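Participant: So you can see what is in the structure, the chains are spelled out below.
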Amino acid sequence: MAAVKPRPVDERRAEFARYKKDVKERGKPFHPYAMFHDTVMSLVVVSVITGLAVIWKWTSWGPHHDGLHQGLLGPEYTDPADPGTTSFVPRPDWYFYFLFYLLRIFKWPNSVFLGTVGVPTIALILLIALPLYDVRRERRLSRRPVAVVGAVLTVLSMAVLTWKGATASEALASEVIADVPTWIKQEKLPQNAVPGAKLFAVAGCTACHTYLGTGSSNLGAPDLTAIGTRNLGIDFQIRHLKDPASVVPGSPMPKFASLGEKRLHDLALFLEASKGKR
Amino acid sequence: MAVRRQPSRADIRKQRMLAAINFPLDWLEERSGLVGAVRYFLFRKVPADTNWMQTLGSATLTAFIVQAVTGVILAMYYKPTPNDAYKSIQYITDELTLGWLVRGMHKWGASVFIILMFLHMGRVFLFGAYKYPRELNWIVGVLLLVMGMLEGFTGYLLPWDQTAYWASVVGINLNGTAPIAGPWLAQFLRGGQEITGDTLTRFYSLHMLIVPGGIAALIGLHLYLVIRLGVTSPPWSKEAAGMERADEPQHLRPGLTRPVPRGGGGSS
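Protein chains in written order, with the working numbering: chain A, 41 to 318; chain B, -1 to 266.
None of these hints come from the bench; they were simulated from the model. For clarity, every value in this text was computed on a predicted model and none was experimentally measured.
Now the in silico label distances, taken between C-beta atoms and shown as ranges:
# : chain 1 : residue 1 : chain 2 : residue 2 : range
1 : A       : Pro69     : B       : Glu27     : 16 to 26 Å
2 : B       : Ile63     : A       : Asp122    : 33 to 43 Å
3 : A       : Leu181    : B       : Gly31     : 36 to 46 Å
4 : B       : Leu117    : A       : Lys60     : 23 to 33 Å
5 : A       : Phe276    : B       : Val224    : 57 to 67 Å
With a cut-off of at most 30 Å between alpha-carbon atoms, the simulated DSSO-like pairs for lysine-lysine come out as follows:
# : chain 1 : residue 1 : chain 2 : residue 2
6 : B       : Lys43     : A       : Lys60
7 : A       : Lys317    : A       : Lys238
8 : A       : Lys60     : B       : Lys236
Backbone N, C-alpha and C fix where the C-beta goes; we use that ideal spot for every residue, glycine too.
Could you build all of it, start to finish, from the sequences and the hints given here?
Facilitator: Spelled out as structure tokens, the structure:
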């Protein structure tokens, strides 16, 4: 009589029954054996956290008695929140850098959806459902080539994205303003667009947008070198600056209404005059 | 016939002492069964080859406890209003006795917590410990990771400084780009069209009530499943609990159905 081929469900049930029997017969009690290791590790964790807090305090506040001082681990706090300010760095805590950098890869508006929602959602679904599609009993790494390759690629891409996000440089207003004369020359900007160009350089726009190669391409923000060729109009530009999401649904750009009508008008003139390198 | 020695008075006193000491525990055990549960938890068997990598889970729990304790202390001094938030953070950091330590431990404990969650997840992946019958515990673990990162996102706004404010402006706007639920989610997080005091209290409530409550509940479920299903042996271990052994007769393994090679007669 031919042997009946075992069903996978019976095999894994048998393995778990075997596991329980083995642990009962040859296992060791959680306390004191595993408990000892756990306690040592927990003490290490608390020490590391305390150590970080101490280094933070004594390299930031320590030298100058000033919480704003940039110590080894950053300042204790930055300036108070000011919704009206214009020079800011839209940077999250380090464990979101991979998402932050993903948005430099996917550009607004065509593929930003992939960066903010598409890729992270697919990755999360694959992560949650892992035990539901990887149903083999095999646990040894040498016999799980697909899992190993997948894990290595995931860890590598997360590490690279986090690293790139950490080292991505933001354009400083003081550096950008030095480029304004070049912009005027290369774009042949008219006189009435110059105040807007200067404002553009210092108002934080280049934290996300690029202009003739200056600035950081963040959060999928488009390059504005030749935005004027789209002839969107002064009115559109002002409305967009006041509340980007109202004219471009879903835009992640912050509102700049706090700049005031006069300065918004200057900015709009500059953007409309930007017809690219001429 | 052996003469049974009468218990001396010292013996009787010792017995009474023990009974008096045990009384509260017996009282509790009779009414709740908790003593037995703790004893079961402490003295349950784990595989003999359990190693240091398997301390990452309890290390993560320790980091969460640090966050809970320091968070409760911070909540005693922090004021979630746009006018007072920044000042209360300055007060905690610069003036309150050891306030800098509590805030520093909370801030850096968050990073340590996230790193430990990732390392713990890596260990479980390496061991294949998410496989039958522990699938559900992997899913609970990933939900804990997501909620932990949500804690990071909501906590980042609370100091109400420039870094916090603008990271949250952009973070919320990014949520808004998601289809269907996105705009609604962004509106909900902000509590209106702009980031205001309403956003701050909303983030504060999420950060210290809803999300940590959910995390605590899920940790309870996570631990229950660990205790119920047991700890996995390292897959490379020669003594791994549950592995098939060639030296044991097949018939002693009920349910094990690896077919005997035909013609060979015995097992290899």
